[in-house]
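A.B. asks: Below, each chain spelled out in residue letters.
There are 2 protein chains.
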Amino acid sequence: MALYVKKFGGTSVGTAERIHAVADQLVAMAARGEQLVVVVSAMSGETNRLVALAEQMMPQPAPREMDVLLSTGEQVTIALLCMALMQRGLEARSYTGAQVRITTDSAHTKARIQHIDDQAIRRDLNAGRVVVVAGFQGMDGEGSITTLGRGGSDTTAVALAAALKADECHIYTDVDGVYTTDPRVVDNARRLETITFEEMLEMASLGSKVLQIRSVEFAGKYNVPVRVLSSFKEGPGTLITFDDEDDMEKPMVSGIAFNRDEAKLTVIGVSDTPGIASRILKPISAAGIEVDMIVQNVGADDRTDFTFTVHRNDYRRSLELLQILATELDLKSVAGDEKIAKVSIVGVGMRSHAGVATRMFDALSAEGINIQMISTSEIKISVVINEKYLELAVRTLHSAFELDKAPTVTQ
Amino acid sequence: MALYVKKFGGTSVGTAERIHAVADQLVAMAARGEQLVVVVSAMSGETNRLVALAEQMMPQPAPREMDVLLSTGEQVTIALLCMALMQRGLEARSYTGAQVRITTDSAHTKARIQHIDDQAIRRDLNAGRVVVVAGFQGMDGEGSITTLGRGGSDTTAVALAAALKADECHIYTDVDGVYTTDPRVVDNARRLETITFEEMLEMASLGSKVLQIRSVEFAGKYNVPVRVLSSFKEGPGTLITFDDEDDMEKPMVSGIAFNRDEAKLTVIGVSDTPGIASRILKPISAAGIEVDMIVQNVGADDRTDFTFTVHRNDYRRSLELLQILATELDLKSVAGDEKIAKVSIVGVGMRSHAGVATRMFDALSAEGINIQMISTSEIKISVVINEKYLELAVRTLHSAFELDKAPTVTQ
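Those protein sequence lines, which keep their order, are chains A and B.
1 is the number of the first residue of the first sequence in our numbering; add one for each residue after it.
1001 is the number of the first residue of the second sequence in our numbering; add one for each residue after it.
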């Protein structure tokens, strides 16, 4: 008997009507003989409501109590969905994270799952029940409620699928799969039948917010087949696969990710001596600011320019820190730019194909788009460009790599 | 160091502002060196909101899931109150019922507390923390969430006070104590300094909804001193005492309770034979209808009249059941009256004083108020009268027993 873990997000369970619609879908699945473990998020809007209440109590709400508060959101949904299922004659039983015994570390508001006890759930499944589990939450060793951070319900679903050795983990979202790029930017963006975990990881970390990144890591670690589906229309969605097939069979590029969340900072006229990069970045990281891309150009003389990007929210603060540093280190000057965008091509196929970068740069150049920074990994090439060219760049690359065509298996 | 369990109801924590006001009070108490365990209810309105959601899922929501749902109400409040306390520099820590290990039976939506584990709370108190516990909820032997029914937060507070051997259990309400009767009906109703548990039990069961009746039983069983106080103005409130003092010291009557929740049903012309009462009441109790007062008049011939009261919500159904029975048992006729009220005088002092009933009946008769039914216990006399005389009867009795005067110790 096939066992599936199905995760429905906040929008899918956002109203009483939507919960009934999800229940209808689950009844049909159960009628096909599927064993079902359902993971749900808080009803959309609920988490924001609770956060607003917390901030009325304490500008920086205490993390342990924040978790006690936020975890009620999913607890409401599990109860309501069970009622909707029972109203349809299905046996159903709800579990909070603590009741399952989803054990996490004690890093409140961003805890990591350490262990899942599958006993109670198995007993219910064997008794013919649908099991409904609150996503996003667990319990630490002391019995305190923890949460996994925003989007953590995906992680709960994948982790449960791993613990239960489910046939597949189905993530229901408001899109019907993973696309070659954002369909709002490129009309002929295409749904991918499959995508590898590595590609998905890059897409997720680059801002294609279909799945929470930690859940993808989890799925990769435990070999859980994950399928992304629409909760509103039927369809096969996109299956996330393990990259155990021959890369030669893969298209060079699977998708184009982008974001405009970053800002760029440049320190001009740095003396090209060992240890200078760490001296520049030390005050930034000490302030808890995360750095994304880093580029250092070798200068003509013994001076060089040092450029890096941070989240746009951290831009002002970073600039201030660099200006203090500039005085201390006798740097020439500090420059910054908020009007940038990052565009990336992602594909496990590019490992085995030379010339991918060249094709990318040529295509952008042909449109007169200047590349400000470049960063590469084995399966990704990212460039920073002027923000105003973002849509043009994405469309250009989408057609340059023929992503609008049916799966292009390179020869 | 004095240890108090303090319970704040839904109105007292109904808004962010009110929670801040409660936190201010607690800070002042902690500054006096008091050890504090705080029990809170759901914010007012929250339980109704959740019930409405549940009923959109299932007309008769499944009890286990209802408890999962409703228990989130208090869980929100404990987190918010802890934040408000921490914002004021107090160390605070929240506990759900399950986290304390308030173990109950499995009677969902009306569970009974079986055991409380005081270890975790004691550890926190010893560490100088304020402990905030979700009222109204517990966990059964299987780890399922249970609730104690409406008003169950009072029971949680009293049970915790018993388990922790607290000096006193303070119940904060929107009234500043227990009154000789409802001040909205009698202008010069007087706050009682003390009331015995037995009197409180009678007052609670008769509709003076200051405390949930089960919490009073609990307090009596475990000898927990309970004080009812206002959460809005300072004052000594009313201390609920054990009736271990000499009744002679007590006033004859401590208070007047009343309600108009009941309806009266009379079966006329019942043959006065053994077993007839149970035959009449069997279909009523089989339908889950609770009977309050029962009176059987001895008739002149071998026929008698049999009268009882039920909750007004059950009146129509009871009448139908009796009409079916009347045909089966060849009864003369069935009559009913919804326009009744029950008025009771309550006082442990009446045990040792003859003539209390006479004084009550005389006072009512002097005002032309006809008594339809009478029922007595050791410390209570209840009469059923026409609803329209309710206020007059309460005022008449209040002054007949001199309840408006300072504590009248009878000679």
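Mixed in with the good hints, there may be bad ones.
[Stated by the list, open to error] Mimicking DMTMM-like on lysine to aspartate or glutamate, the simulated pairs with C-alpha atoms at most 25 Å apart in a straight line are:
1) B:K1221 with B:E1091
2) B:K1405 with B:E1378
3) A:K339 with A:E217
4) A:K110 with B:E1091
5) B:K1233 with B:E1328
6) B:K1110 with A:D261
Calculated from the structure, these hints are not laboratory results.
In this text the structure is predicted, and so the values were computed from the model without any measurement.
A.B. asks: Work down the list of hints and note, for each, if the structure agrees.
C.D. replies: Checked hints:
1. B:K1221 with B:E1091: Not OK: B:K1221 and B:E1091 at ~33 Å, beyond 25 Å, violated.
2. B:K1405 with B:E1378: Holds, because 24 Å separates the two Cα atoms, which is no more than 25 Å.
3. A:K339 with A:E217: It is violated: about 31 Å lies between the C-alpha atoms, which goes past 25 Å.
4. A:K110 with B:E1091: holds (22 Å)
5. B:K1233 with B:E1328: It is violated: about 59 Å lies between the C-alpha atoms, which goes past 25 Å.
6. B:K1110 with A:D261: violated (52 Å)
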